[in-house]
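Student: Read off the chains here:
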Amino acid sequence: MGGGSLIALMIAAIAFSGMAILISKFVLKATTNKQKGEAYECGIPTQGPSWIQFNVGYYLFALIFLIFDVELIFLFPWAVVVKQVGWLAFVEIIIFFFILFMGFLYAHKKGALQWK
Amino acid sequence: MAFLKKYFSNIFQAIRSLTTGMRITAGYALRHGKEKITQQYPDNKKTLVLPERFRGEVVLTHDENNEHACTGCTACELACPNGTIKIITKFDVSPEGKKKKALDTFIYHLELCTMCNLCIEACPTNAIRMAQTFEHSVFDRNKLTKKLNNPGSKIREGVE
Amino acid sequence: MTNEELTIKISALQPALVVEEGQEWLQFHVDNKDWLALAKQLKETAGLDFDYLFCLTCVDWKTHLSMVYHLSSTLHRHTIVIKIKLAYTDPVVETVSGIWRTAEFHEREVYEMFGVDFLHHPDLRLLILPDGWEGKNPMRKDFEDPVNMIKL
Amino acid sequence: MYRETAIVNESEVTGDLVINMGPQHPATHGVLHLVVHINGETIRKVEPHLGYIHRSIEKMSESLSYRQFIYVTSRMDYLSSHINNHACAMCVEKGLQVEVPPRAQYIRVIMDELTRIASHTLWWGAMAMDVGALTPFFLAFREREMINDIMEETCGARLTMNYMVPGGVMYDLHPLFQQRVKEFIKHFRSKIDEYDELVTGNIIFQNRMKGVGILTKEDAVSYGCSGPTARGSGVSCDIRKLYPYEVYDKVQFDEPLETAGDSFARYLVRLQELRQSMSILEQLIDDIPEGDIQAKTKAVLKLPKGEFYTRAETARGELGVYIVSEGGTTPYRIKYRSPGFSNLSALDHMARGGKIGDLVAMMGTLDLVIPDIDR
Amino acid sequence: MPSLEHIANLVHDWLNAQFSPGLALFFEFFIIGVLIIGLFSILGLVLIMMERKVSAWMQLRLGPNRVGPKGMFQTVADTVKLIVKEGMTPDGVDKLLFNLAPFIVMIVAMVIMAPLMFAKNFQIWDINIGVFFITAISSLSVIGILMAGWASNNKYSLLGAMRSGAQIVSYELSAGFALLTIVILTGDLKISAIVNAQSDGWWIFKGHLPVWIAFVIFMIAVTAETNRAPFDMAEAESELTAGFHTEYSGMKFALFFLAEYVNIFVVCALGATLFLGGWQPLHFGTGTGFNRVMDYIPSSIWFAGKTFFLIFVIMWFRWTFPRLRIDQLLNLEWKYLLPISMFNLLLATLITIMGWHF
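Protein chains in written order, with the numbering used here: chain A, 1 to 116; chain B, 1 to 160; chain C, 1 to 152; chain D, 1 to 375; chain E, 1 to 358.
It is worth saying that the hints were derived from the structure and are not from the lab.
Straight line, CA to CA, 30 Å or less: simulated DSBU-like cross-link-like pairs of lysine-lysine:
| id | chain 1 | residue 1 | chain 2 | residue 2 |
| --- | --- | --- | --- | --- |
| 1 | D | Lys186 | B | Lys34 |
| 2 | A | Lys109 | D | Lys210 |
| 3 | A | Lys29 | E | Lys85 |
| 4 | D | Lys182 | D | Lys241 |
| 5 | C | Lys141 | D | Lys305 |
| 6 | D | Lys182 | B | Lys46 |
| 7 | B | Lys100 | B | Lys154 |
| 8 | B | Lys36 | D | Lys182 |
| 9 | E | Lys81 | E | Lys70 |
Full structure from sequences and hints, please.
Tutor: Here it is in structure tokens:
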């Protein structure tokens, strides 16, 4: 079966989730009050906004990931043809990894992998 | 090189410590039939034996003639830290015509009781004791206020 | 250090002290204004080294309040009790939270329970009572709570 | 007169978040409310807000007689209720100048140590649960349940026993008591190594614990810490050793000390205390002397005018009972110096600079029992 | 004995005989949709039950034992409970994202099923880039989690989502490297080709050292990617109460919950396919009696058995270990798993070129 199955699966997922939520909506008569609408913070009203500019620590990892993930994508076609290409592929990948690893070490040295 | 050696020995140590823990949980999983400690509470009611000293609730002991040993001296009422016990006394007239203080109603507020045993210790005639019941939940709090002396009961002969 | 030696040594630091014996530990009655200076000396004087404030409380005597400090030394293992008489209305005393940091919490408790104001306390706020507590100080003898207190 | 609680909204300026941990939070074991200022994951400041379970036990005790007030203290540190009762009973005895019969002294100490084991096993399970391992909790409860059964048989209750009375203990031991305790010791000796294998040796656990929440010796003393919290920082503060009460001077035991002052040191101290408590039990259980279990006391107790202070070593540290008596049948003023209150005051100092996960681990090793802190 | 392949072919032929090709294809899609929804429901019920029982065994408990025989229908009862629960939307939330997030998570969990080979020649779509497809789609699930955490307007959720973001993206690398090891050995990205390459022995037996290392790294990485303890930073119940799904209740929460378990199934199925030979039965040597007995067991049972074994291992992790701290979690990835998996890849390349694997 072709790519159409992906559409079918997606529709199935939406139908399944949507049905589940709809059924529970129908089963239940919801009431509302002020306390119900509050964000959960251990029973204490939230102080200050939650949508703030967040500490950069998390984003650094996302950036480094991006670099590595792109490299990983390059590796996939290479991996498929390793068997046919043989030694050349090995030399290639050593050069590739050497550059990548240098970058990695540099990032490590700069403390980008240190959680702050 | 020393760095690499430390690096790999760290990994080795880590894996060893993790597998030790996993061995224990796996051991419990394999022996779960023998090791389980769950008590199936409402099902084991018949076999559930509470120790005789277990303090569940204050009761006034009555014998087969519907007689108790309470003289209405209010020692327990004074000993109670929470005001759980309230004793209402009356005056009995004995056949000889003497007036004598006697128990009229022994009111016990189970909802205030902390089972501290001080009333039992204070009682000079061992009229009250702790019962082993523990299922006290009710829907109405008023049901927890109990009258402990049975209707028509009277004081046992010879108890002063 | 024996009690006699302690008495001599501490009296030398602060001549206005009144020493009371007879209880388990030596008791010193200190004047309110001398307290902070004495507290510093008690902690820092070699041979005394009272570095462990293990109990800090207040007693309401209906006419006045008295602060009670139980001090001990983890080095020499001797213990003394310091008492300070405070006025009944608007009592004020210097904080010792800079000397023994545990006092910060204990003083906040005394502040809300007895209404003693601790001067120069870094963070004198209600600790146990709910925010915005209005009314009297609960641990004072004249406190009445008609709703929650059950008189036996 | 009162100053309003200062809620300074610094978050808009510095990018900090203010998070309320508790009163309804899985890690606060009760109703502790911590206002945590964080930046990213790093903790800037922790402000404990107490009082959610404050029952004013000190004020209540002022209106109760010397026999009655003891039972209220079971509700302070409910995990070491025997020891609380013991400290109060000792304080009343000090005032009355009553000598407790040797049998009662032995029974009291044995009960104290059983309570300590029960408390520490529960702490161990809860501690492991705080850092994310859920299985140890149930293993700990297996052991604790055995102790609770022993307690139930002799004292008549499982948690708030009220077994100590001024002058001795309420009833004699159950005939099976000694046998049960020996069985328990045998069982626990075989299981405590499992504790080490499952949790102590675990590399993840060690990484979570080591170097976290460091409390130096000076800080521990200055913050008035006591019990395992202080001993983890190398402060020798075991009341049982320093000011022995009852029969503690007759038994051989060590006061475990660690010098690192981090969470792992506090953890190790408690695990060693479990072993020490067992050795105390082993020494005492076979030679409990025969005799009375209560000294003769009057029906209505009156303490002479004066001030009495006793201390006892609970599972969490030093419990002080300070009675001011005016000579009446009720105390004029009672102050309970609870160990948790002082230990908690060090939390802010320890937590700064750590991560949220560290805060949970620290709270676990401080072994906070909230009713003990609020009283 | 009718295999799943057999039934699938029968249905396919019958549909094509009855209807026009377009209509037949539509019906097939419809059947797939229904089947996959059925699979989801069954997986939800079975896996949650399994988790409860496994945890109960390890914790000296009995586990659920009231609803149905041996408590088998406990999950059904819980589902009914969750349906009856109110799905609240708090006031401060970003309504669109908040309601969209469970759908995204579910779509990812479902679409990722497409290239999985459940039995011999029984597969929804044999994509020629199967392994790559799975890597690509599985990184989408982090978007759902980030969306849920951000939209909730709750600080716990935000922290949980951020942690989850940093964590999932990090561990995806080592999971990818572990997959690459097998791709190098096989020389193909197609799932069916990878499984066929293992007909004479599973990679875990044939590939020795590099595959063993890759397998261990793969298990660690997928545990982290599915947000399971000891890597459940996004939920971290004792720190963040419930992490990114703190504000979700009722059916929306149930969808997150279900998606988590389905994701576990998917990654374990992938692990079973790549390292343990998919539906290939266990063989020793050639032509022995043992092999014939093994062949008699249907391929779907083989696949399910291997998958559930791996699921058990992941559950075993959860009920044994404490949780890592966020910085330790990232240290583990960047300082240990990533360098090791890079060198492991070189090793695998070397072995492939030299032909040292069996």
